[in-house]
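Undergrad: Residues per chain, in single letters:
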Amino acid sequence: MMRNDVLTGKLDWLTVLIYAVMVILGWLNIYAVGYDEAANPSLFDMGLNSGRQLLFIAASVVIILGILIVDVRFYEATAYLLYGLMLFLMVLVLLVGKEVGGNKAWLGVGSFGVQPSEFAKFATALAVAKFIGSVNFRMNLLKHQVILFVFIGIPMMIILAQKDTGTALVFTSFILVFFREGLSPVIPAAGIAVAIIFILTLLVEEIYLYAGIVAISLLIILFGKKKFKRIMWVTATALLLAGVIQSVDYVITDVLKPHQQNRIRALINPEADPLGYGWNVTQSKIAIGSGGFTGKGFLEGTLTKFDFVPEQSTDFIFCTIGEEHGWLGSLVVVGLFVVLLLRLIYLAERQRNRFARAYGYGVVSIFFFHFAVNIGMTIGLFPVIGIPLPFFSYGGSALWGFTALLFILLKIDAHRGEMLHRL
Amino acid sequence: MTEGRKEVIQILIVFVGVVFLAKLFYIQLVDDRYARMAESNTIVKETEYPFRGLIYDRNGKLLVYNTPEYDLFVVRKEVKNLDTALFCEVFNLSREDFVRLVAEMRKRKEYSPVKPTLFLRQLSNYDFAKIQDHMDEFPGFYIQPRTARAYTTKSLANVLGYVSEISRSQLEKDTTRIYRQGDYIGQSGLEAQYEIYLRGKRGVRYKLRNVDGVDKGSFKDGEYDTLPVPGYDLITTIDLALQEYGEKLMRGKVGSIVAIDPANGEILSMISGPSYDPVLLTGRNFSSNFMLVSSDSAKPLFTRPLMAMYPPGSIFKIVQTLIALQEGVVSYETRFPCDRSVVNCHNHPQPCDLHMAVQYSCNPYFHQVFRRIINQNKSPNTFTDSRIGLENWHNYVSRFGLGQPLGIDLPSEKGGQMPGPPLYNRIYGEGRWKFSTIYSLAIGQGEMLVTPVQMANLAAIMANKGFYYTPHLVKEIRGSEQQPDIQRHETGIEEKYFDFVQDAMSDAIYGTAQRAVIPGIELCGKTGTAQNPHGYDHSVFMAFAPKENPKIAIAVYVENAGWGGRAAASIASLMIEKYLTGEVKRTALEEYVLRGQFLDPVVKATPITD
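If you're matching them up, the sequences are chains A and B in order.
For what it's worth, numbering that gives the first Met the number 0 labels the leading residue of the first sequence as 0, then goes sequentially.
For what it's worth, numbering that gives the first Met the number 0 labels the leading residue of the second sequence as 0, then goes sequentially.
No lab work stands behind these hints, which were simulated from the structure alone.
Do not take every clue at face value.
[To be verified] Computed cross-link-like contacts, SDA-like style, restricted to lysine to any residue with a CA-CA straight-line distance of at most 25 Å:
1. A:K295 / B:V18
2. B:K5 / A:Y345
3. B:K76 / B:M134
4. B:K464 / B:I485
5. B:K22 / A:L199
So here's chain A without its partners, still in its complex pose:
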């Protein structure tokens, strides 16, 4: 039974407010995308994305109430069960799912379809949090590290099999949780270093990269503590990075699929083929760039309305905000996300057990990844990876998944006083 105090005092109303503002702004922008002056459609027209999004929002309210009603202990208790259920549904999608836009990620009943991969996010967050929260968990044990990576690896593999690279990459964000819970920074740092080298290889002549690595390695060896072990580490790292450089060409041409290669090329130089693989990035930047300081006004965005930007109401919803509301509108949206994320960190940090804190950071990680990658790609800072902007993008599954993710945290936070102190 839901206790009264959940709704009266303990629920974090600031987060709820931010959530409500984002969902309503998202809805209005979806309406703007589909707006056709000639038809002058209603905000509530069920034939349009905006009308359907309203339906999804209404369903989200039901989901929120459900999450708040359920006993708080349910989430930790059933974490592995939920996780297993989502994995099962995703495998089911692979077998009987329908293909939408090149991705086989939809489980359909009639015309109604859901994407189990959207729900796998909170299920995985719960499972990871439960494992981290277990009594004898030690982050510095290799065995436990491996288990954690298996937890996020399995859904990634299944989603990759669904050909939905973007959603699969979202699961890498859990590394942030592991980091918070004590994983050696070397592992995420190494990952970032490899990514930077990878991108630099595409931008700079290889010979300069080799020269740079050698120079930095020598500097560290010369000015650092001259211990044998340290020198060996530096040398090994340098050789590893050289290997990455070597492999970039191979990865690009042989591992990545052509459309993925193009997305990386588009990031580096969208002007090279503005009508081809650079189209999304170019059009997206044009739409946002034409917004100026205050934007063209609600429903006045000509580029977004006329479908110049593909995936307008889903992955590229930020274009509409940029075009119609300008830099001020962008400031509001980016600000909302930064405030939300900082608030969630605050909530996570005030939890009294590790499960709750790890789950809180799981929520932060997933939202942060979506926020960074989605807006990053629309403004040309990131390769085009098809993932939605939480609460803004059109789509039922995504909205429900994010809503569940957020409100499970709020529910847990509301009951933090009843939790066993177990940090």
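Based on the hints, put chain B in the right spot on chain A.
TA: Same frame as chain A, but now just chain B:
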């Protein structure tokens, strides 16, 4: 162990947010490239071409109008199951043409398979009627109308000029930035001279397009749209009937006729022979026809009345007479013998007084007259005296509108040449020439050149007894605030001297140009035969009529037609009859002119004027 990690994550989040806002700041506020690209992406400026102004003759008869022509556009993606054989047949193309057009289209920079691209240009009304029935069989092809020039007459081509697509170099020179590639512009004649009045103003419609180029209606409900403003109509001074008659008379001949209303300087007709049919330089076949017309050895594009410069010959004796009288160096009674030792002459009663000298066009007489004009003993040095004399003479002739362009309202008018001291200084050296060096000027030969328009203007001066209005072709720009400003010019010679010369000219008709006599109309005229070192002499005649209250002043110049009293005088006389009476009764003379055989095969061209 995990201390400070919360802060690391917080910093990371804030950092990403700041980077985003900075990048957004750059693309939204600093770099205006995106805003400009956005505009060209969605808002399509559609041009609505204005109607070019119409051109009328002096009696309100339409000369030039606009006719629709059609450009064929294709949207490559919408073309389905094209029956190429039928297409080629309907559009009158060969297979090779078709293949070439497709290749040309694809090469164009703006080519896009989803947007309309120009495929065939300037289909005529006639083509359009034929094609219209078949258009539904060619999905993806669209027809876009625009206008071309059309003419009610085959005459007047040189005066009207032509219109064609603006050239690259013209586009580069256009500092007003009014023109765009593909625009039409007047290239010669009135079309070029009055371009700014005729062209009108383009209308613009801003239309919204979605990513596939599909029309999404007007931008902001047409708030920024403008309607095209048609160009102003021109009312010319041309009498079309007279013009057509003149062109008929000039058929097969090389030369010019210019007729002016002396009372106001209005050009009644301006014939350049040979000419061309103006319709040749419109429409789809412009380029091939232009090649044809411009490479024609008879130079039909050369507007002879304005651009051909000839020695005036004997008609210039009238000017000499007037200058001499005004200077007081001769009187009506001055007599000179017909001394042929320096210049040749022909048989006529002698010795002449001034009247007879004009009437019979006595060369030795005018040799003496010119000597008196040039050498007035103003300096003991004969060289200096000649220079002073010539300078004075040059001032006179300039006031007759000679030696410089008259300022007629057509492009590329030539000024002719009236030699003054600077020219002879250049040729012979300063102080090294005198009267005996330049005496050919006395009878309108030598270094002296005039255009047919200047000769006609001379006739108008005679008719007006001492003044002229700048000859012009447009009397009204209908609807415009700016109207032609016609100046009156004075020669500074007393009217009484003109009375005297008019009498002599009237008698001259009976002396040297009996063919020109029109029963019932008193005509004043003067013949000339200009020496031509390259072949037969040129036939020259200028006249005005009637003597009292003149209505028409005319000059006729027929190249290689021999003696002025024949070809030129006949043509001028017929033109005057046509204009004053409305019809030509002297059919025998008309036939004689139309036959066009003025040269007597037995008698060689006389080396010197009559």
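Undergrad: With reference to the structure, classify each hint as holding or not holding.
TA: To see whether the hints hold, each was checked on the structure:
Proximity of A:K295 to B:V18 is assessed by CA-CA distance (about 23 Å); at most 25 Å being required, the pair is judged to hold. At most 25 Å may separate the alpha-carbon atoms for a hinted pair to count; B:K5 and A:Y345 meet this at roughly 9 Å. Annotation: proposed proximity of B:K76 to B:M134 holds, straight-line Cα distance about 16 Å (limit 25 Å). Restraint check for B:K464 and B:I485: the C-alpha separation of about 18 Å stays at or below 25 Å, so the hint holds.
For the hint pairing B:K22 with A:L199, the CA-to-CA distance comes to about 20 Å; that is within 25 Å, so the pair holds.
Checked against the numbered hints above, the structure breaks none of them.
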